[in-house]
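Novice: Protein sequences appear in the order of chains B and A.
Quick note on the working numbering: the first sequence kicks off at 1 and runs consecutively.
Quick note on the working numbering: the second sequence kicks off at 1 and runs consecutively.
Possibly wrong hints are sitting among the right ones.
Stated by the list, open to error - Here are a few chain B residues that face chain A, going by a calculated C-beta distance under 10 Å:
hint, residue
1, V12
2, R45
3, V98
4, L121
5, P126
6, A128
7, L131
8, R172
9, R198
To be verified - Below, a list of computed lysine to any residue pairs in the SDA-like style, where the Cα atoms sit at most 20 Å apart:
hint, chain 1, residue 1, chain 2, residue 2
10, B, K18, A, A97
11, B, K18, B, A44
12, B, K18, B, P28
13, A, K18, B, A97
14, B, K18, A, K18
Said to hold, decoys possible - Pairwise CB distance ranges (calculated):
hint, chain 1, residue 1, chain 2, residue 2, range
15, B, R105, A, R34, 31 to 39 Å
16, B, P99, A, G142, 44 to 52 Å
17, A, A37, B, Q36, 54 to 62 Å
18, B, D40, A, P99, 19 to 27 Å
If you're looking for bench data, these hints aren't it; they were derived computationally from the structure.
Keep in mind the model is a prediction, meaning the values are calculated, not measured.
Idealized CB from N, CA, C, for every residue including glycine.
Protein chains: 2
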Amino acid sequence: MRIGELSRRTGVPVATIKYYLREGLLPPGESTGRNQAVYDDGHARRLRLARALITVGGLSVVAAREVLEALAVPDRSTYGALAVAHKSVTRHDPDPAVPEEARQRAAERVRRLIADRGWELPHDHPAARTLTDTLATMEHLGNGSFAARLDRFAAASEQIAAADVDCVDEIRDSPEEMAETMIVGTVLGDTALSALRRLAQQDAARRRFAPASRPGPAAGPDLPQKPEGPDRTAVARPEAVRPDVDPTDNG
Amino acid sequence: MRIGELSRRTGVPVATIKYYLREGLLPPGESTGRNQAVYDDGHARRLRLARALITVGGLSVVAAREVLEALAVPDRSTYGALAVAHKSVTRHDPDPAVPEEARQRAAERVRRLIADRGWELPHDHPAARTLTDTLATMEHLGNGSFAARLDRFAAASEQIAAADVDCVDEIRDSPEEMAETMIVGTVLGDTALSALRRLAQQDAARRRFAPASRPGPAAGPDLPQKPEGPDRTAVARPEAVRPDVDPTDNG
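Let's have the full structure, built from the sequences with the hints guiding it.
Specialist: Structure, rendered in structure tokens:
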């Protein structure tokens, strides 16, 4: 198909497609003459994915290109898929204003967390550096309350990761699909999870701070009140435990 | 202090400070002559925060400006703080290529989730729209596995939100600090949480997929094998249920 048809098919404007082609997000079409090229379904699929990673997933063009390039490499093992997804981790230059001592303390905190949770990770995982830099910056801004609850955040993250692994486990036999699922679930999943976090925050804040809707008494199942009296379990009545006798049968 | 001193104090280059001033991220200093201005500690604090939201938190300059403007408004209630933090929710134009039916299905899924979890939210919370658009895009990309586990992701998000609310609850008496803590914890917290998710994913994938470390037999408590034979529950032996008699006592 020509570029106009590719645009209609995917809903991505022609100008954006040309930009993605220039930036290497999309491989060139097959040339059919001066300034003419044709594109196939693979282009359409990759274009949709590129567009989603950038607009919905919030990746930069550079980060999206890296992820898409890694997807094109034929290492389709589970770990390959994971490595591709992890290329999308938010990267940044560490803030030079953060004092080195704060960074050292944060690095030690992250090492302790990883050890406490029994996580076996490759040395120098990029996400460990991101976490370290983020905690150091938080401390620099005078905010220690997130770091103080790091274990609770890590425990919740383990539950998320278990669900993430289930997402790819069910398609173990299709490594290509697995890699793409991992990427979409990780990058777009970050957006979905930050939205879920805000919805849950809103409700948690209402429960905690709104005076009008304080929770009432605990709403557990109402257990029938036991009659007060001597403990009837001390002496078993044989008929009460003989299944062949119906205790309500008076006949 | 002059701009050079502000730069030294915060570690932010002069060119970046000038850019932030032009973009309204930082209020102008007090003018002391042509092209001369002085800045105070409030500028330094706000500059550090702006820098962190953009570099570590990954906010756009526009989003960071909105958050910082909202911080300057003197509505310092808990809900004010929350609203400020929620301005940082990843926003995007919904992908026009996503069919309207997919959007409708995603919207219904989000409504059901909110009802199932008993979340009481303001009508049209921006994060609900973000979640809807993200789920619709995932479906459009052929990925239904995240949506299929939405309840598990929501349950983990509730735990995160409970810890988030604890972070601000301990400083309830200082509304200014509360608002800033909420912002730092939410925006930089998103970065930290996506890093935690990737670390936990790496370990979860190792446990699930690495052949060398397959889990052995279930490590639950070893229950003693019951001897095969006639079902001994049919006829109760009174002594077996008398707690004051030890059945192993042969004396």
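Novice: If a hint holds in the structure, say so; if it does not, say that too.
Specialist: Here is what the structure says about each hint:
1. V12: This interface hint holds because 7 Å falls under the 10 Å limit.
2. R45: holds, 9 Å
3. V98: This hint holds: B:V98 lies near chain A, its Cβ roughly 8 Å from the closest one there, short of 10 Å.
4. L121: Constraint on B:L121 satisfied, holds at 5 Å.
5. P126: Since chain A brings a Cβ to about 8 Å from B:P126, closer than 10 Å, the hint holds.
6. A128: holds, 6 Å
7. L131: Check passed: Cβ of B:L131 comes within 4 Å of chain A, closer than 10 Å.
8. R172: With Cβ-Cβ at 8 Å, under 10 Å, it holds.
9. R198: Holds. Min distance 4 Å.
10. B:K18 with A:A97: holds, 17 Å
11. B:K18 with B:A44: Between B:K18 and B:A44 the Cα gap is close to 13 Å, so the pair holds against 20 Å.
12. B:K18 with B:P28: Holds: B:K18 and B:P28 sit about 10 Å apart, inside 20 Å.
13. A:K18 with B:A97: holds, 17 Å
14. B:K18 with A:K18: Violated, at about 34 Å.
15. B:R105 with A:R34: 31 to 39 Å: Given a distance of about 44 Å, which is not inside 31 to 39 Å, the answer is violated.
16. B:P99 with A:G142: 44 to 52 Å: holds, 47 Å
17. A:A37 with B:Q36: 54 to 62 Å: With Cβ atoms ~56 Å apart, the hint holds.
18. B:D40 with A:P99: 19 to 27 Å: Once the Cβ atoms are compared, 22 Å apart, the range 19 to 27 Å for A:P99 and B:D40 holds.
Hints 14, 15, counting from the list given before, are not met by this structure.
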